[in-house]
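A.B. asks: Just so you know, the sequences run in chain order E and D.
This note's numbering puts the first residue of the first sequence at 1008, with every later residue one more than the last.
This note's numbering puts the first residue of the second sequence at 1008, with every later residue one more than the last.
Hints are not guaranteed to be accurate.
As the list claims (entries may be wrong) - Short derived list, chain D residues pointing at chain E, Cβ under 10 Å:
| hint | residue |
| --- | --- |
| 1 | N1098 |
| 2 | G1100 |
| 3 | V1102 |
| 4 | I1103 |
| 5 | Q1112 |
| 6 | G1160 |
| 7 | K1164 |
| 8 | F1169 |
| 9 | H1216 |
| 10 | I1218 |
| 11 | P1219 |
| 12 | D1249 |
| 13 | A1293 |
| 14 | P1298 |
| 15 | A1305 |
Claimed, not checked - No farther apart than 27 Å at their CA atoms in a straight line, the calculated lysine-lysine pairs in the DSS-like style are these:
| hint | chain 1 | residue 1 | chain 2 | residue 2 |
| --- | --- | --- | --- | --- |
| 16 | D | K1164 | D | K1226 |
| 17 | E | K1186 | E | K1230 |
| 18 | D | K1230 | D | K1186 |
| 19 | D | K1226 | E | K1164 |
| 20 | E | K1186 | D | K1226 |
| 21 | D | K1226 | E | K1047 |
Claimed, not checked - To spell it out: a stretch of chain D is covered by chain E in this simulated footprint if at least three of its residues, at any positions, have a beta carbon under 8 Å from a beta carbon of chain E; those stretches are:
| hint | region |
| --- | --- |
| 22 | 1264-1272 |
| 23 | 1327-1334 |
Simulated from the structure, these hints should not be mistaken for laboratory data.
For every residue, glycine included, the Cβ atom is placed at its ideal position computed from N, Cα and C.
There are 2 protein chains.
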Amino acid sequence: MSVLQNDLFLRVLQGEDTARAPMWFMRQAGRYLPEYRALKEKHSFWQMARTPELAAEVTLQPVRRYAIDAAILFQDIMTPLPPMGVDIEFNPGPVIGTPIRTLAQIEALRVPEIDEITPFVGEAIRLIRSDCRVPLIGFGGAPLTLATYLIEGSGSKDYAQFRRFLRAEPHAAHALLEKLTEVSIRYLTMQVRAGAQAIQLFDSWAGLHDIPMYEAFSKPYNKRIFEALRPLGVPLLYLAVDCTHLYPTLGDLPCDAISIDWRTPIHVARAQLGHGKVIQGNLDPAALLGPPDSIRRAASVVLRSGLGGPHVFNLGHGMLLHTPPDHVTALVDTVLAFDRRAEHRSD
Amino acid sequence: MSVLQNDLFLRVLQGEDTARAPMWFMRQAGRYLPEYRALKEKHSFWQMARTPELAAEVTLQPVRRYAIDAAILFQDIMTPLPPMGVDIEFNPGPVIGTPIRTLAQIEALRVPEIDEITPFVGEAIRLIRSDCRVPLIGFGGAPLTLATYLIEGSGSKDYAQFRRFLRAEPHAAHALLEKLTEVSIRYLTMQVRAGAQAIQLFDSWAGLHDIPMYEAFSKPYNKRIFEALRPLGVPLLYLAVDCTHLYPTLGDLPCDAISIDWRTPIHVARAQLGHGKVIQGNLDPAALLGPPDSIRRAASVVLRSGLGGPHVFNLGHGMLLHTPPDHVTALVDTVLAFDRRAEHRSD
């Protein structure tokens, strides 16, 4: 557990003003990489996620290929749900065997002990840490986002079943969110004990809701998770996609960093989120599909927008399937060459 | 053409301060209504859209059932594209036979004369006008949103092909947007000449893009369409879904009203869009899936947020499939009972 050679990511999250922005990329491990596709041909998603050696290998693939400053555990936000008694397959998005639609189903969900949730995740983390030169980020889904899939049953254009459930069965919805919060606290605590050096909470579907709904059904649960993890001493990050309208309420979440999507320039988001937060983001992942010159220009805009406060460079959402791996190299080189002390923000 | 009994919608769009907010609902004609499903069992979407009597009947169904203040033509934003040479089916969303991915394909697209685009639409409008007690809204898709489908080929989670195309082939993208702009001007002009009393431009996918991309690929074309339609003398509305981050640039579009989604309270949106625009919206369509009491409460919040400026009550996006028709009645009654002169905004 002592091979860490680059702690830039952790130092920025601890408030240090560094000459360079650390970088990692959401979904940096995945199907756009030929070395990932080679493994995926032989194994299903659950086989890779549940075999510590394979999960560790996939986690480390982008770290070997690119000069990035953090690794992120290869798992899905759904990983802790099967131990609760939920049947989940991927096709390719998550599909729930029996969607949760009644209070009786919610009451039947188990809240496993910390050591029995997903032992394979702890083992994968220990393997990664023994071989990783950069910090390892653990992660989980925010309760609202996990509930979105559990109730809807699969990906959806409008998540109407879920949005109906919140309004027609608020008592049951809160009962489900309570259980998911407790499981998330145990699952993420286990990750930190196993060696995860930061935790990111993915609230991918928070943006479906307006501020009153978000404050009723998401924020209090995220807050409890962050407060429970805080004593563990690792930096805490929150992801909000498609949440420009929620910025006024996200600034006082008790986390260290907020990861924003590409829709809003960083300095604009920072003005609304408050200056107490590290901002992570926010290159449009589609920028990586354009020619390298346009990638360099787009990355420079993001880097300049990130000046004036602590910034972790990232994409505004996950890497897209058809991203050419050498385009990512052009991006990495641009971020490496950008000296925050020599540049001035150009709004 | 002289049966109009209720012009509240038109008066508000002309700047009149009325005691009640006019209302209509996006996708007010459609599958949530049993009388629509009865027709849909016997006819495909294209049969209904292309048979003037059926298109008129579907347009009028919600006007007969509810005390709403406007009708909207039953068509799809894809309607004017087959005359350009594009093969489109619905399954149930639009599927393009051969997605547009090359400049040669774009150059081969036809720009039909105004009278040959879709004569059945003009005929449907004339039939509706002969039997409609409220104003009829015509509509079309904004060029960027039409191009999104033409290039992607179908609905998509991330529209990566389209976002790649804008960056990799900007010259071809602009050539396509030019043609779509010209066809849209002709198509919408035809609608007004046939009797449409207002025009709404649906830019459903504008929110995928940040401000610089929106200003490069959407705004100039929307502007040209509105400027071309302005001399026709009908009110012009623009729909922006998931566009909170675009509000700073939408305020100077040369239209009369902007329709916003449910994510942002109306008075907050109005402050960013400027007070020169009528705001249309913005009840979360999912609110209609909850119990009637919660619908009345949610509608009252929207109605109060709309005070302090001209407001057309609507949903923040299209009616959802499982909306119970009697819930819509509860909503209509709430809007009818709300006296804008007796109420005060409660932020």
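A.B. asks: Hint by hint, say whether it matches the structure.
C.D. replies: Evaluated hints:
Below 10 Å, beta-carbon pairs count as interface contacts, and D/N1098 has none with chain E, the closest being about 13 Å; its hint is therefore violated. A distance limit of 10 Å between C-beta atoms decides the matter here; for D/G1100 the minimum to chain E is near 8 Å, and the interface restraint holds. The restraint placing D/V1102 at the interface with chain E is violated, with a minimum CB-CB distance near 14 Å, outside the 10 Å limit. Given hint, D/I1103 at the interface with chain E, is violated; its Cβ is 18 Å from that chain's nearest Cβ, farther than 10 Å.
The interface hint given for D/Q1112 is broken, as the beta carbon of that residue sits about 19 Å from the closest beta carbon of chain E, more than 10 Å. A distance limit of 10 Å between C-beta atoms decides the matter here; for D/G1160 the minimum to chain E is near 14 Å, and the interface restraint is violated. The criterion of a C-beta within 10 Å of any C-beta in chain E is met by D/K1164, whose closest approach is roughly 7 Å, and the hint holds. Interface hint status for D/F1169: upheld, as the beta-carbon distance to the closest one in chain E is roughly 9 Å, under 10 Å.
Proximity of D/H1216 to chain E holds as hinted, the smallest CB-CB distance being about 8 Å (cut-off 10 Å). With 10 Å as the threshold, the beta carbon of D/I1218 comes within range of chain E, its nearest partner Cβ sitting at about 8 Å, so the hint holds. A least Cβ separation of about 8 Å between D/P1219 and chain E falls short of the 10 Å threshold, and the interface hint therefore holds. Below 10 Å, beta-carbon pairs count as interface contacts, and D/D1249 has one with chain E at about 7 Å; its hint therefore holds.
For D/A1293, the suggested interface contact is upheld, since its CB lies about 3 Å from the closest CB of chain E, less than 10 Å. Hint status for D/P1298: holds, given a least beta-carbon distance of 6 Å to chain E, under 10 Å. At about 8 Å, the closest approach between the beta carbon of D/A1305 and any beta carbon in chain E falls short of 10 Å, and the interface hint on this residue holds. For a cut-off of 27 Å, the pair hint linking D/K1164 to D/K1226 stands: about 23 Å separates their Cα positions.
With a CA separation close to 15 Å, the supplied pair E/K1186 and E/K1230 stays within the 27 Å bound. With a CA separation close to 15 Å, the supplied pair D/K1230 and D/K1186 stays within the 27 Å bound. For the hint pairing D/K1226 with E/K1164, the CA-to-CA distance comes to about 25 Å; that is within 27 Å, so the pair holds. With a C-alpha separation of about 46 Å, the suggested pairing of E/K1186 with D/K1226 is violated against the 27 Å cut-off.
Simply put, D/K1226 and E/K1047 have alpha-carbon atoms about 42 Å apart, too far for the 27 Å limit, and the pair is violated. With a threshold of 8 Å between beta carbons, the proposed coverage of the region 1264-1272 of chain D by chain E holds, since 4 of its residues qualify and at least three are required. Requiring three or more residues with a Cβ within less than 8 Å of a Cβ of chain E, the coverage given for the region 1327-1334 of chain D holds, as 3 such residues are present.
Hint check: violations occur at hints 1, 3, 4, 5, 6, 20, 21; the rest are consistent with the structure.
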